[in-house]
Amino acid sequence: MRRTAEFDAFGPWIHQVHSISDLPRLFQDSGVDPAAHRLVLKVPRNIERRNATPDMDLYDSLIAVDYETVTILRRHGTGYDGVRIPMDRITAIEDSVSMLDGRLTLHTSDGTSHVIAYNAADLPPVQNLIQVLRESYLPAAQVAPDFTLPDPEPVLGDADTGLVNEYRRLTRAEPGMHLISALPRRRIGTTLLRPATLHATITIGDDRELQQIHRRDRITRGNDKVLSVARTILPRTRLTDLQVRPHERFREITVLVVNGSLEIPVPTGSENEILRA
375 MRRTAEFDAF GPWIHQVHSI SDLPRLFQDS GVDPAAHRLV LKVPRNIERR NATPDMDLYD
435 SLIAVDYETV TILRRHGTGY DGVRIPMDRI TAIEDSVSML DGRLTLHTSD GTSHVIAYNA
495 ADLPPVQNLI QVLRESYLPA AQVAPDFTLP DPEPVLGDAD TGLVNEYRRL TRAEPGMHLI
555 SALPRRRIGT TLLRPATLHA TITIGDDREL QQIHRRDRIT RGNDKVLSVA RTILPRTRLT
615 DLQVRPHERF REITVLVVNG SLEIPVPTGS ENEILRA
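Here the numbering used here = 1-based position in the sequence shown + 374.
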């Protein structure tokens, strides 16, 4: 079997690309020069190593970030397509993990969203990418005061300990963030056989961003245990279009629509907590 460097290095890991020669074979003609970018990542296909062969295109995506744009190239069959997003058009960054299924979604001011799937066994490169994207709009980091009274910890119940743990992690990493609201999960609708749940949401923020900690699917049906954890980051300066509408099925739910693409369902009456944040 003919071996290649790309095949020999293949696994579930996301790699940073430092040179043109290190680009995946599929994207060699893309014109992306890692030396001209702040960060370039190659995201592998979601296949097991034993099912990979040297003749396959082994990377699903290439993400290239410079100071003004982020370019996303995605494999389709034997070719690829791509999109270039101006940094100032990114209105929300949503990252979610369910077991090994990772998804990073960039919402933009024209009402579209762009999803990058990845293996959640390798989180640090994605977290680094998110930080680089945030640095494009965040002003200089503010110095936290020497002493502040801690926020009360969210009380959500045992089923949502994972969300509270993520809240603790984020507020340790970013001590300037404060708790805005913690909405516990609740049953909604009237169906007994397949009950619906509006899942818990924790909202934190500072004068630069709002961040929400939630489940990937904010509304689910049935009694299966939900283990996903998601984080949505909203730059305050880009919250230019906030709409409120009733949910199409559940009258006790109101939907916040952010810049035309991101929908956030909340218990009716609680939307003002977020709108005033």
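Treat the hints with care, since some could be wrong.
Claimed, not checked - Have a look at the derived ranges for each label pair, beta carbon to beta carbon:
hint, residue 1, residue 2, range
1, L613, S404, 31 to 41 Å
2, E622, P428, 27 to 37 Å
3, Y511, N646, 19 to 29 Å
4, E647, T452, 41 to 51 Å
5, Y511, T486, 48 to 58 Å
6, L497, E637, 24 to 34 Å
7, G596, D455, 44 to 54 Å
8, S393, L616, 15 to 25 Å
9, N502, R542, 31 to 41 Å
10, W387, R650, 19 to 29 Å
11, N502, H552, 19 to 29 Å
12, E637, M430, 19 to 29 Å
13, E647, D429, 20 to 30 Å
These aren't lab readings, by the way, just hints derived from the structure by calculation. Note that the structure is predicted; figures quoted are calculated from it, not measured. Note that beta-carbon positions come from the ideal geometry of N, C-alpha and C, so glycine has one too.
Hints, verified against the model:
The beta-carbon spacing between L613 and S404, approximately 33 Å, falls within the hinted interval of 31 to 41 Å. A C-beta distance of roughly 49 Å is found between E622 and P428, which places it outside the suggested range of 27 to 37 Å. For Y511 and N646, the Cβ-Cβ distance of about 26 Å falls inside the hinted range of 19 to 29 Å, so the restraint holds. Distance hint check for E647 and T452: the Cβ-Cβ separation is about 50 Å, which falls inside the suggested range of 41 to 51 Å.
Checked against the given bound of 48 to 58 Å, the beta carbons of Y511 and T486, roughly 18 Å apart, lie outside it. Against the hinted window of 24 to 34 Å, the Cβ-Cβ separation of L497 and E637 comes to about 25 Å, which satisfies the hint. Hint check: G596 to D455, Cβ distance near 35 Å, so the stated range 44 to 54 Å is violated. For the pair S393 and L616, the supplied restraint of 15 to 25 Å is violated, since their beta-carbon distance comes to about 43 Å.
Between N502 and R542, the C-beta spacing of about 21 Å breaks the proposed range 31 to 41 Å. For W387 and R650, the Cβ-Cβ distance of about 43 Å falls outside the hinted range of 19 to 29 Å, so the restraint is violated. For N502 and H552, the Cβ-Cβ distance of about 25 Å falls inside the hinted range of 19 to 29 Å, so the restraint holds. At roughly 37 Å, the beta-carbon separation of E637 and M430 lies outside the given 19 to 29 Å, and the hint is violated.
The supplied range of 20 to 30 Å is broken by E647 and D429, whose beta-carbon atoms lie about 55 Å from each other.
Checked against the numbered hints above, the structure breaks hints 2, 5, 7, 8, 9, 10, 12 and 13 and satisfies the rest.
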